[in-house]
Amino acid sequence: MEISRREFVKATAVALATAAAGGSLSMLVACSGQSESAVSGGDTQKYSAVCRFCGCGCGVICEVKDGRLVSVTGDPDNQSNKGLNCVKGYYLAKVLYGEDRLTTPLIRDDSSTKGTEGGLREASWDEALDLVASKLKETWKADKSRLAFWGSGQQPITEGYITAKLWKAGLLSNNIDPNARLCMASAVVGFMNVFQTDEPAGCYTDLDYADVFVTWGANMAEAHPVLYSRLTARKLNDPNVKHYDLGTLRTRTSASADKTLVFHPGTDLAIANCIANYLVENELYDADFVEDHLQFKAGTENIGNAYDDGYDASDVGQSVDKVWNIEFAEYAEMLKPYTFEYTSELSGVAVEDLKELADVFADPDKKVMSLWTMGVNQHNRGTWMNHNIYNIHLLSGKIAQPGSGPFSLTGQPTACGTAREVGTFSHRLPADLLVANPQHRRYSEAIWNLPEGYLDEIQKPGFHTVKIFREMSKGNMDFLWSAHNNWAQSMPNLTRFLGRGDQKGVFDTFVVVNEVYPTLSTQYADVVLPAALWVEREGQFGNAERRTAVFEKAVDPPGDAKWDLWIILQVASRVLEGEQIDGRDAFDTLFGFIWDKSAGDFKGDSRQTNIDIWEEYRTFSNPDLNEKAKAINDNASGEFEGKLKMEAKQLAPYEEYLANHGLTWPVREVDGTWLPTMWRFANGSQEEGFDEVGIAQYGEEGLAGGISFYKTAKGKPSVVFRPYEPPAEEPDDEYPFWFCTGRLLEHWHTGTMTRRIPELDRALPEAQLNVHPDDCTKLGVTDGDLVRVKSRHGEFEIHVSTAGRTEPAPGVVFAPFFAQETLVNLAVHDYYCPLSKEPDYKKTCVSIEKV
Amino acid sequence: MGIAKYLPYAAAALLGVQAVAYIAHPTDGLIRPPGAQGEKDFSSRCVKCGRCIEACPYAALVPASADAGSAVGSPTLDLRNQACRLCHDFPCAAACPTDALRDVAAVEDVDMGHAVIDEDLCIALQGMRCEVCYRACPLIDRAITIDYRLREGDSIHSVFAPVIDEQACVGCGLCVERCVIGQPEVAIKVVRGDST
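Top line first, the protein sequences correspond to chains A and B. In case it helps, this note's numbering puts the first sequence at residues 1 to 851. In case it helps, this note's numbering puts the second sequence at residues 852 to 1047.
Hints were generated in silico from the structure; no laboratory data involved. Possibly wrong hints are sitting among the right ones.
What the hints assert, rightly or not - So the derived label-pair ranges between C-beta atoms look like this:
#1 A:K716 / B:Q1018: 58 to 64 Å
#2 B:A910 / A:K355: 51 to 57 Å
#3 B:L1001 / A:G684: 42 to 48 Å
#4 B:A910 / A:D761: 16 to 22 Å
#5 A:K778 / B:A910: 26 to 32 Å
#6 A:G684 / B:R993: 30 to 36 Å
#7 B:L1001 / A:D761: 52 to 58 Å
#8 B:D998 / A:P558: 39 to 45 Å
#9 A:N437 / B:L1001: 45 to 51 Å
#10 B:D998 / A:G684: 45 to 51 Å
Unchecked claim - Some chain A residues judged to face chain B by a derived CB distance under 8 Å, without partners named:
#11 C86
#12 V226
#13 L450
#14 P451
#15 G453
#16 G475
Backbone N, C-alpha and C fix where the C-beta goes; we use that ideal spot for every residue, glycine too.
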């Protein structure tokens, strides 16, 4: 019997996954060369989806039998993963079926029971929704600064869009921020500062063409498992391909890298400047590229750290975003201190290793791909470090070409699609627009059918994430609503934010949590609203390579659990009752296109609701669909600085994403066909994935590298000099170790989903502290010992491991944050990058003692 | 046509062979505590006093069941339930009054057997990014290494194939305990070097 390779792979994977989801040997027999329908018995339905977990955005196929999800397998037609999964994706079907799914609304009558497993009672939806809406409305009417919504890079696109619209246009509040603030904010500010457009020029296909990979503080082997498989395949295909891994500890990524450069925490800033200095001093940069494409800037230095709550409002806090133009020669002068010798001394990396890395960027024939995530973003100078990576790629002209480019990996499945593209940040509007920019507000008003000037009330950004929780801990927050996150475990400085000392703050705030399972956050909730999980409704994710993909609804949510969008609109209809916008009913103006207020339900089914929201959202990047918006986009009145060029993020009609199993934006209509763009700003055929349409519309041809940064001011990205400044805390006698936290492959984030999958819980049952053997000797501890880790902020207990999965340098210790019972964030400080407000989870100073 | 066709037959055959072997040598399936110097030496010295079982801080050691014939009550491990955690001071061996367990100063001195991967069941070999056994291994990059291979029919992804070094592996069984595949059986097991 002849079957194609793909059919074989699919059939085998389906059978194995079926077995994994509770199958047996007889099911394996069925996979031996039979077709898929035979494997599944012919009475199953299949749905296209995207994995629930990390930023890779792997496509999967869901198979449903008798209303139950029986298997999830890699989708060979999804271009991001081509059928491959990691072990989390392999067991995805089971994520829906943990024994303690939340299926009924819960209310806490006595707030003193917060922080315990008890105190919640079952309630009807009407009672729960009325309570939530009345508390929100009461706070909203009394003092808008005392309410907040905390969203997520896991909130599907249309849900994020409606939430943002409710908060920004409905409540006229900017107190909405996503957990992406803890994850991608430094990357976002880096992109906006350098390019004035968020998200990378390149794509995952660059992994197939690069000659050299440089990972900066990124344990891709564990945190981006499928992409790392692609990186290693490139090395297998060409033995000349090299991988340099830079970090403060050795990881499973280091294990397969050709060279690992372990640097002292925070000195990556100096290493990148050292490379730039080498390129400039020896005239090894790409002179044509510099001439055609770049402008040079300097910015505020000695910016300190957000040790106290007043930092943002302080003189230095107010000046951190300031930059000014400088000449190339001035930039060269600023780089001069970053010699190999100085940088080696500072970082602990050998001069010859620094030189070897610098020579990689100096070689005009080498295609270089830099990849980074939390080591760079969760950094007290995270925005600066993003700048410094762009600086060396821009100087060397290694950007926006197949196989060459700086690539910011994302942490979550839709950090890009929702948090960033929709704009659920406290300073953003949809599609890269900013609340502070009048043209951006006019444009949003046009699409949202609001009177001109209506959004002027929200021109000042709201509270960023750390600010929300700092204010809450001081008793300045009356209403907090969260969805798709578990802040009580994932936020830093939990000793403060969970009111562990004074039992205040969170105990006095009315807390609403949309959740699928009991979590630490539901232990602090006044109302828990049971939500549909993953494919229990239809949604969309946008991954790190600008790929938007739909996950179809495959099964119904259990019990009384509801789609988050239903919950949000039920609350919105109550809160906005009696409110008007320009003489019209406020709720109907904003949400009447999808919701029938009299019926108290959606107008259409889940698919139609998503299509209708998508079509409105898509107008932001297709100004031709709205006459008023088009005029503002074109600056027809001449009152603004210039054109908005909103088409630079152009999105396609909804059905295109279903038909293509995902598309990378900008998606262009060419002769009636919607074509994705893989390499933004690079000229070439649109059919082959280059940005032909974008450059024809707004760009310039004939520039160095065939590139035109048409969305960037003056067409020129900014090389901003950013110096080395030390971490927020440095080891001393009392707290002699750096403590770094992170993720491991088996568990997703706070483990609330993956730990309910028995196989994954078995695979990694405990969070352990990785300590260098020399440090163990000094501390008198050994593998398996229980130790107390203590910082200036809090403490926790954890078992030591020297097994070597993660190998910190002496003076550095590492632990993952997935385990609720090992609450590492009790000790992690909440000092953030002053530009992005993203906390530094990698460099808290701690003491360690045997228990 | 791929291996999948033969997979169920191979699995069934394997079960059969195991069943036969089990009857022939009832102690072959017994994994012994660190410090055992071969089944023959161990069984001639062990008096089933249970002190090693009491000494184990992880309760990894259990008395062999009646299925073990005359070895009933002797110390063994149910690795899937609780693997040996290779304590640095080996309290089990220290507690042994008859030197049935002896001569273990370092992890490298332990020889409880070595791990064997069931290539038909292992999902890492199917191309999934799993390798739980590798990352769990206390002798990571020594007892278990990763062999990076191009995925068949897919030029842009590689298979991370876990490979056991039988010499370096001490048979602690943490890979068995952690393996995500439990049906129809665990995809990795520990076999004793002196098993027939």
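Of the hints stated earlier, which fail here? Checked against the structure, the hints that fail are numbers 3, 6, 7, 10, 13, 14, 15 and 16, while the rest are satisfied.
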